[in-house]
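Protein chains: 2
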Amino acid sequence: MLTISNRGSQMPPSPIRKLVPYAEAAKKRGTIVYHLNIGQPDIATPEIILDAVRKSDFKVLEYSHSAGNESYRKKLVKYYDNVGINVNPEQIIITTGGSEAILFGFMACMDAGDEVIIPEPFYANYNGFAIEAGVQVIPITSAIETGFALPPMEDFEKAITPKTKAIVICNPNNPTGYLYSKDEMEILKQIILKHNLYLFADEAYREFCYEGTHTSAMHLTGVDENVVLMDTISKRYSACGGRIGALVTKNKSLLASVMKFAQARLSPPSFAQILGEAAVDLPADYFDTTKAEYKKRRDTIVTRLNAIPGVFCPNPGGAFYAMAKLPIDDADIFCQWLLESFSYNGKTVMLAPATGFYGTPGLGKQEVRLAYVLNTTAINSAMDCLEQALLAYPGRIM
Amino acid sequence: MLTISNRGSQMPPSPIRKLVPYAEAAKKRGTIVYHLNIGQPDIATPEIILDAVRKSDFKVLEYSHSAGNESYRKKLVKYYDNVGINVNPEQIIITTGGSEAILFGFMACMDAGDEVIIPEPFYANYNGFAIEAGVQVIPITSAIETGFALPPMEDFEKAITPKTKAIVICNPNNPTGYLYSKDEMEILKQIILKHNLYLFADEAYREFCYEGTHTSAMHLTGVDENVVLMDTISKRYSACGGRIGALVTKNKSLLASVMKFAQARLSPPSFAQILGEAAVDLPADYFDTTKAEYKKRRDTIVTRLNAIPGVFCPNPGGAFYAMAKLPIDDADIFCQWLLESFSYNGKTVMLAPATGFYGTPGLGKQEVRLAYVLNTTAINSAMDCLEQALLAYPGRIM
Chain A
16 MLTISNRGSQ MPPSPIRKLV PYAEAAKKRG TIVYHLNIGQ PDIATPEIIL DAVRKSDFKV
76 LEYSHSAGNE SYRKKLVKYY DNVGINVNPE QIIITTGGSE AILFGFMACM DAGDEVIIPE
136 PFYANYNGFA IEAGVQVIPI TSAIETGFAL PPMEDFEKAI TPKTKAIVIC NPNNPTGYLY
196 SKDEMEILKQ IILKHNLYLF ADEAYREFCY EGTHTSAMHL TGVDENVVLM DTISKRYSAC
256 GGRIGALVTK NKSLLASVMK FAQARLSPPS FAQILGEAAV DLPADYFDTT KAEYKKRRDT
316 IVTRLNAIPG VFCPNPGGAF YAMAKLPIDD ADIFCQWLLE SFSYNGKTVM LAPATGFYGT
376 PGLGKQEVRL AYVLNTTAIN SAMDCLEQAL LAYPGRIM
Chain B
16 MLTISNRGSQ MPPSPIRKLV PYAEAAKKRG TIVYHLNIGQ PDIATPEIIL DAVRKSDFKV
76 LEYSHSAGNE SYRKKLVKYY DNVGINVNPE QIIITTGGSE AILFGFMACM DAGDEVIIPE
136 PFYANYNGFA IEAGVQVIPI TSAIETGFAL PPMEDFEKAI TPKTKAIVIC NPNNPTGYLY
196 SKDEMEILKQ IILKHNLYLF ADEAYREFCY EGTHTSAMHL TGVDENVVLM DTISKRYSAC
256 GGRIGALVTK NKSLLASVMK FAQARLSPPS FAQILGEAAV DLPADYFDTT KAEYKKRRDT
316 IVTRLNAIPG VFCPNPGGAF YAMAKLPIDD ADIFCQWLLE SFSYNGKTVM LAPATGFYGT
376 PGLGKQEVRL AYVLNTTAIN SAMDCLEQAL LAYPGRIM
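First to last, the sequence lines map onto chains A and B. First residue of the first sequence: 16, per our numbering; consecutive thereafter. First residue of the second sequence: 16, per our numbering; consecutive thereafter.
Accuracy of the hints is not assured; some may be wrong.
If several chains are the same, the list does not tell them apart, and a pair holds so long as it fits within one copy or across any two.
Calculated lysine-lysine pairs in the DSS-like style (CA-CA distance at most 25 Å, straight line) [as the list claims (entries may be wrong)]: (1) K267 - K33; (2) K42 - K362; (3) K380 - K33; (4) K311 - K74; (5) K380 - K197; (6) K89 - K43; (7) K178 - K42; (8) K70 - K311; (9) K209 - K265; (10) K89 - K33; (11) K43 - K310; (12) K310 - K74; (13) K267 - K89; (14) K173 - K209; (15) K306 - K74; (16) K306 - K93; (17) K178 - K340; (18) K265 - K33; (19) K311 - K362; (20) K340 - K93; (21) K362 - K340; (22) K74 - K42; (23) K89 - K42; (24) K178 - K43.
Because the hints were derived from the structure by calculation, they are not lab data.
Sequences are here, hints too, so could you generate the full structure?
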């Protein structure tokens, strides 16, 4: 018998996508399903950046530079300058989505058996990339009661071992929407300096902050060697399918190492680099409009959630996710039940059970993640469904 | 001191790209450089498939299915049927270039410490993907004297250990251009059946065969569980920058495992999937024209090479590469010298030293790879340069 690798067996199936067959069955029965389960925005990709691709007139769809087109990297310097990050084109390596930036960062900084600390709940695919790199994820728990604030320094200290090589944060956070404060970022700085760790900062949602301001890991001083920014245009410009991201760091040895991984896969996708380059020239108010729309949705969903008896949803400071604690026995069963056994006026709602975002088994059983990627009319209708569902659900607890 | 991972240190720099700074310096001095060093064709990407992207009219650049758009996979079934490969859409996973198909295949089938046998010289980036997967490449040598035919079965038998999990072939071959015969493919079949191994078949150049016919690994019977096809549209349609490939297998457990790797990185690039889908509908004579052009170039370069005293170049049966043995001391030094210290009528030529394509240290020191990706006028001019260079080169040996 030919066997799959242990790594292949250990790879987790997507916790977001595992409910898809139930959603498909519901739709076949004629039920309308509100998708609050996945971070695929409904916001239109700016026409002007799609047009940049449509109007491209090259003759040969060539490999780009392995680090991405120089013209694009030069443009990105301007983008980063606008958000207070001072880098040069040689400090930017364009990647195939933020996904590849994470994988390259893990692979270039860590070996099999090394450990990376990640506050949980966290973006579930960090698990997959850690398994690909042979790295152990050590979760430290943030709590819904504090709105998923950074766990106290002692929790990091307790988790650090001689094998610890890095800390990953996502800011603002997916799945919690939590926006780390400047003080929290300074605490992380102390920890990485004291213990000589890399800080991988996933800032995919940088522009979507509704309370306070965003402190980038690249704003921290004195940690140029430690900080690795993992970036993507996916959410910023509603361009998830482009698969364009970037790994940004001032650490020269790391850049040289990541370049070898980049060369092995030849180049990032060419079409979407054109789109990414055009996006830097979008009018200054582009993010204002998008952010205002997401804020309206956030206010709607958080207000509706907290008005349902037994539901608690901390107000997320950024991104487009909210985590809610529900009066239920088991979020996985509940989310499946919503699709399989429930409808209200011919409609139901698809949510992501939070269990897939925790590294510690057993946590998140009463929590769900809601992505507010639909307009407020749809969100209100979805909340009507959820309200009725919680009344009807056999596994309701108080 | 923050350190790079051992894996990051072990990653080989691109053997093709390491001469780039010397080429750039030569161009700055005003020297014309003929690039025969890299497999970037000058053939125009078919206008009609570029237009499919230019005319796309979606509003949101969404994630595609992690396995690629269903419409594209259905179309590919037709493409594969045309080349005698019978598969269904569920047996195809669209990848980000052939590169990702190789990485996913290695990761899903092998664990750290496992061994993969590859006839050398081989595509240098297999080394990089093997290091990423923690896998050991065991090279077995094919010789320029036989035109780089498959090494005898005994050589495989000698190399196989309990850790051997797979054999990789590239057919027709990069860098040698060798086209494996049906008999050779049947020998490989015997070996993988006897020793229960995967056969990874990289068939990027399937359409470009000038002598005899192509035997796909998927044409072999009774090895459905063993065969993993690694495919790409990069060379087929001169669409290298699209970054669209595919992993194709009938092994269900393997497909399920690869899907988890595919889900972790969310989706392959959307724009180039549109291009790939349109490519399946290109007129039947598309490959005839392209193939005729490459054959003319092959005939030109091989004739010119063998006419130079002391040079031997076996006639490659496919792809668009030729390997030549030169009367020189050291191909790495010679290729650098061509760019640094030589020009003929203001021109020189950039070649790939063969050492980077061998896994066994010391092999290939007198060999270079030439990619015939330029038109015959440029090739003739490049061969004029090479002929003169071999007369002038201080390290010439007979």
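A quick look at each hint next to the structure:
In this homomeric assembly, K267 and K33 come within 25 Å of each other (Cα to Cα) only across copies, at 18 Å, whereas the closest approach inside a single copy is 40 Å. Taking CA atoms no more than 25 Å apart as the test, K42 paired with K362 passes inside one copy only; the shortest distance there is 9 Å, against 65 Å between copies. Taking identical chains as interchangeable, the C-alpha atoms of K380 and K33 lie at most 25 Å apart only when both belong to the same chain, with a minimum of 16 Å there against 52 Å between chains. Proximity of K311 to K74 under the C-alpha cut-off of 25 Å is restricted to the inter-copy arrangement: shortest distance 22 Å between copies versus 44 Å within a copy.
When the C-alpha separation of K380 and K197 is checked against a cutoff of 25 Å, the pair qualifies neither within a copy, at 31 Å, nor between copies, at 57 Å. Only between protomers do K89 and K43 lie at most 25 Å apart by alpha-carbon distance; the minimum there is 21 Å, versus 49 Å within a single protomer. Taking the shortest Cα distances, K178 and K42 never come within 25 Å of each other, neither inside one copy (48 Å) nor across copies (48 Å). When the C-alpha separation of K70 and K311 is checked against a cutoff of 25 Å, the pair qualifies neither within a copy, at 34 Å, nor between copies, at 34 Å.
Taking the closest pair of Cα atoms, K209 and K265 come within 25 Å of each other only inside a single copy of the chain (19 Å); across copies the shortest separation is 51 Å, beyond that limit. In this homomeric assembly, K89 and K33 come within 25 Å of each other (Cα to Cα) only across copies, at 23 Å, whereas the closest approach inside a single copy is 40 Å. Taking CA atoms no more than 25 Å apart as the test, K43 paired with K310 passes in neither setting, with 33 Å inside one copy and 53 Å between copies. Within a single copy, K310 and K74 get their C-alpha atoms only as close as 43 Å, which misses the 25 Å cut-off; across copies the closest is 22 Å, which meets it.
Taking identical chains as interchangeable, the C-alpha atoms of K267 and K89 lie at most 25 Å apart only when both belong to the same chain, with a minimum of 18 Å there against 45 Å between chains. For the identical chains of this complex, K173 and K209 are intra-copy neighbours only, at 14 Å inside a copy versus 51 Å across copies, given an alpha-carbon limit of 25 Å. For the identical chains of this complex, K306 and K74 are inter-copy neighbours only, at 19 Å across copies versus 38 Å inside a copy, given an alpha-carbon limit of 25 Å. For the homomeric pair K306 and K93, the shortest alpha-carbon distance inside one copy (21 Å) is at most 25 Å, but the shortest distance between copies (44 Å) is not.
Taking identical chains as interchangeable, the C-alpha atoms of K178 and K340 are never at most 25 Å apart, the minima being 34 Å within one chain and 48 Å between chains. Taking the shortest Cα distances, K265 and K33 sit within 25 Å of each other only across copies (22 Å), while inside one copy they are farther apart (38 Å). Only within a single protomer do K311 and K362 lie at most 25 Å apart by alpha-carbon distance; the minimum there is 23 Å, versus 63 Å between protomers. In this assembly of identical chains, the alpha carbons of K340 and K93 never lie at most 25 Å apart, being 41 Å within a copy and 49 Å across copies at closest.
In this assembly of identical chains, the alpha carbons of K362 and K340 lie at most 25 Å apart only when taken from the same copy (22 Å versus 71 Å across copies). Taking the shortest Cα distances, K74 and K42 sit within 25 Å of each other only across copies (23 Å), while inside one copy they are farther apart (43 Å). For the identical chains of this complex, K89 and K42 are inter-copy neighbours only, at 22 Å across copies versus 46 Å inside a copy, given an alpha-carbon limit of 25 Å. Proximity of K178 and K43 under a CA criterion of 25 Å is satisfied in neither setting, with 50 Å inside one chain copy and 48 Å between copies.
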